[in-house]
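Colleague: Take a look at the letters that make up each chain.
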Amino acid sequence: MSMSKYVLLTVALVGSAGILSNDASAQQLGDHRLRHEKLHASFEARADSIIAFYAGRIPADDLTQGGYFDVAARLYQGKELHWALARLDTLMQDPRGDMFWMYPMVLVQHVGRNILPESYRQRLRELWRTYTPYRGDTENHWAMYYTSLYLISELYPNDPPESWFNGRSSQENLRESREYLISWMDLTTSKGQGEFDSPTYMNFFLAPMAELYAFALDPEMRQRARMMLDYLLADFAAENLHGLYAGGLSRVYPEPLLDRRANNTTAFAWLVFGNTTFYPRGEAMILAISGYQPPALLHHIATDRSRPYVHRELKRTRHRIRYSDVKNAPVYKTTYMSDEYAVSSLQGGLLQPIQQHTWEVLWAPQSSDGSGHNMLFTVHPYSSSHELAMYFPEEPELLTEAVTRSKSTYDSPDKWTSGSPFEEVFQHEDAVIVLYDIPKGTRFPHVSGFFSRELLQREEHESGWIFARGGNAYIAYFPLAPYEWQREESGDWRLFSTHLQNGAVVQVAPVSAFSSFEAFQDSVLVLNLEAQTEPLPRVRFTTLDGSNLRFTYGETPSVDGAPVEYESWPLFDGPFMHAKPGTRQLELRYGPMRRLLDFESVSIRDWIEPGPGPAPTR
Amino acid sequence: MFNRCPRSIILLVVLALSPSKALHAQDAPELYITVLETRGYVVGAANAASGVFRHVEDSAWTHLGWRNIRANGIDAAPDETLFLAAGNGVFRSEDRGRSWRQLTGWEITEVQDVAIDPQSPDYMYAATAYGVHRSSDGGETWEASSAGIPDPPFVQTIESDAAQAGRVIVGGEGGLFVSEDFGAEWRPVGPSRIPVRDVHQSAADPNLWLAGTQDRGVLISRDGGERWQFVDGIEKTIYAVALDPNDPQRMAAGGFETGVYVTTDGGAHWTLADGLRGVGFHGMIFDVAAEGRLWAGSTGEGVFYTDDLGKHWTTAGLPGAVIWDMDFVGGD
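Top to bottom, those sequences are chains X and L.
For what it's worth, this note's numbering labels the leading residue of the first sequence as 1, then goes sequentially.
For what it's worth, this note's numbering labels the leading residue of the second sequence as 619, then goes sequentially.
Simulated from the structure, these hints should not be mistaken for laboratory data.
Using N, Cα and C, we set each Cβ at its ideal position, and we do this for glycine too.
Hints are supplied without guarantee of correctness; some may be wrong.
[Stated by the list, open to error] Per the computed footprint, the stretches of chain L lying under chain X, defined by three or more beta-carbons under 8 angstroms from a beta-carbon of chain X, are: (1) 659 to 669; (2) 680 to 686; (3) 718 to 725; (4) 748 to 760; (5) 834 to 842.
[Unchecked claim] Ranges between beta-carbon positions, derived for each pair: (6) L:T932 <-> X:D61: 52 to 60 angstroms; (7) L:D883 <-> X:M92: 54 to 62 angstroms; (8) X:E255 <-> L:E909: 51 to 59 angstroms; (9) X:L127 <-> L:D755: 27 to 35 angstroms; (10) L:A666 <-> X:E460: 52 to 60 angstroms; (11) X:R96 <-> L:T932: 30 to 38 angstroms; (12) L:G884 <-> X:E555: 54 to 62 angstroms; (13) X:S183 <-> L:A666: 27 to 35 angstroms.
Chain X on its own, in the form it takes in the complex:
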């Protein structure tokens, strides 16, 4: 790619100076700037409103409630400081929460550094000596821990070891934190996140990066934080359907899995993308306070669903410490996105302990606020100390009990979130084949299919196909083995099958593409489908777009005779994002707009690609 072809807008560190090469491009750039200014104005308005929400949700005469976020919002707005100080008095008496305590503390100390009385600043500082936060054992824990340690050490750069909870000097803490954060950024931009695409935990990456952007004194770290915000938000943007994170997801709790809006990422969809209704989260308020300005690209990537597209990503498992030859196994994610629905999948297997969601059809929510059980998927509810011990260092025999304390459904046969070593998934466009080969003796020897209470239609055809409609998506589902229907307390339906060799073929299509539900059924019924479960689950299927899919359990799937090339799977690939593994570079695209996040040189480069291209559609 020759740079001379492009109009370059180089953003050096946090600056925004531009170089224009010709008048036409200058005009284009001007148009985009205008659009950006409008988008930014609406972002600013939403940012103001969430700060105002936290600054006002607790009445000023109520000293019995309110956390660090509420205190920070009032400090930020400089109002009702008596309330903020009084609550801070209470909060400082009982520090708790380890790394979850650290980043709100940093927020308060930075926002209040010119407002808080000296005595308060000293007491807050003293807590970093007397309170001993645990670093945690997950990627999100470390993002919070090390960002906080970095910022607080930078704020007190010359303090001696004995003044810190870990007995290390400010400079030691600063150096360790910086090293880890850069290491994490390099790993993420080379091989993907380990706790990837988590609607529950993504805010625990975004909030630290927002604080790092807002408060870091080192301009390079500020720049890195800004780039990571772009990076993480773009990852979400390309895979969100009207504010909902489409998955394949790494970590999600059972109830928010089914009601996808009830996740922390919704707050960021509202704030940054503006494509869902208000959903307050303190971490989103941190982003609002940070001064971060999302590039216009993000809004477009997140909201333009006028043309269906396929988006692929490479992620990785968390660190495997036992029972694996590789420390970080690759995760291959495919998402088909349209305005009506998303189909998204991981390749199956044990990719994440506890809270994996492997594949789904997610249709656009029909409710006004985006809530609902608007999805269909299958799961083998795998539960095993072997899985847990692969990722956690404690004694394997004790792990299941330990995990179920906070993740109560992990050891439930009815659970809806689970990876399984006996599940394999292949997706092409908006068709999915999922296969199961579950050994006898496996705990929970059954497969469950989630059929939402919100399906508008659900019909079982004599051919074996189950036809359904979710929102404006038609869904054809062919089970490979006999099943029965079970009604959930929630009103949803469970397709329950105890056949160990099992699976399903799923084809989705927009309602608008057919004259009727019957016409969709007729189109599917004539498709070539060969399916068997013995000796191994195996499917040959011709999709609605005419692609010939072959998939046998344990073998590489193929499309029109060409095996899927997992070895060359991109870090990001689709109309909006391009990145090769190992490059530490991500290019964002929308129409002629380009942004290159280059972690190699720690720089952002914006430019407008001249000439015809995929034009913005909205």
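Put chain L on the given structure of chain X with help from the hints.
Modeller: Just chain L, lined up with the frame of chain X:
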């Protein structure tokens, strides 16, 4: 470990100490334990204090340092400096646990155990979920040191040979490995690919070693850890083994819901103690001063001790605590 060293070696080491450090030695040995967590623990929640505790008397304990650090193993240098293996890394305390310094950075995490070379105490070893790390300068700097241990190099128990400087035995998912060059190279010993959960050397007989294994019970070596064999009758997962420093014939073992197994004939015959059957144990140690007393730290029921090898047990506090390791410090 210090309390398990032959007394002649202890004497030599103590004599070699600087006067200032030697002056700090305690008259009576003190029992330190690590509490991994207390029942109901959830990361980030308002949990009961865990970490390092020092026994005061009866069922009274003093909590020391961090309230939540995923404390795994504890060991003491000859000068009674404490070293802690924890989720956050390796920590050192020079004031008997009142304050701690984190010695390791972000690269070293999920530290399962730590061992100080009693004859060359600048050398120390950390067994981690990602392999062995060693320090040759008292813990100030560390380097990865897993050469010879197959991937994945998950190791969780490590013991310095009190009889030979630079000799170390580590146990983990791949079995047992020995190094005779301060951890530079490791070679396998004992049955291969049997996951090992705990390994200790007898202070009374440095040739006598015990190891607890996953599902296969107890391994015993009578030649300094070169050859190992399973003892009869314990085909369970053993988290903790203990060797009486005053009597090499007396040993004990406990693990996942096992109760306590004891032997009084040097490991030839093992019996399941009458009391506390079915209870899980992860920390176990014989008292240095009270002859024959066995301390047992359970996986959620607190601490117990027995003076008759398990016929009768006395509760010793910390109900709900998941005890991970025990060590006596001082007492010269």
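Colleague: Each of the hints needs a verdict: does it hold here or not?
Modeller: Hint check results:
Residue count for the segment 659 to 669 of chain L with a Cβ under 8 angstroms from a Cβ of chain X: 6. That meets the three needed, and the coverage hint holds. With 4 residues bearing a CB less than 8 angstroms from a CB of chain X, the segment 680 to 686 of chain L meets the requirement of three and the coverage assertion stands. For the segment 718 to 725 of chain L, the proposed coverage by chain X is satisfied: 5 residues have a C-beta within less than 8 angstroms of a C-beta in that chain, meeting the threshold of three. Evaluation of the coverage hint for the segment 748 to 760 of chain L: breached, as 1 residues show C-beta separations to chain X shorter than 8 angstroms, against a requirement of three.
As drawn, the segment 834 to 842 of chain L meets chain X at 0 residues by the rule of a beta-carbon pair under 8 angstroms; below three, the given contact is violated. At roughly 55 angstroms, the beta carbons of T932 of chain L and D61 of chain X sit within the given window of 52 to 60 angstroms. Evaluation of the 54 to 62 angstroms hint for D883 of chain L and M92 of chain X yields a pass: the beta carbon distance comes to about 59 angstroms. Judged by the Cβ atoms, the range 51 to 59 angstroms given for E255 of chain X and E909 of chain L holds: they are separated by roughly 57 angstroms.
Separated by about 32 angstroms at the C-beta atoms, L127 of chain X and D755 of chain L satisfy the suggested range of 27 to 35 angstroms. Against the hinted window of 52 to 60 angstroms, the Cβ-Cβ separation of A666 of chain L and E460 of chain X comes to about 53 angstroms, which satisfies the hint. Taking 30 to 38 angstroms as the suggested C-beta distance range, the pair R96 of chain X and T932 of chain L conforms, at roughly 33 angstroms. Between G884 of chain L and E555 of chain X the Cβ separation comes to about 56 angstroms, which falls inside the hinted range of 54 to 62 angstroms.
For S183 of chain X and A666 of chain L, the Cβ-Cβ distance of about 33 angstroms falls inside the hinted range of 27 to 35 angstroms, so the restraint holds.
The structure shown violates the earlier hints numbered 4 and 5.
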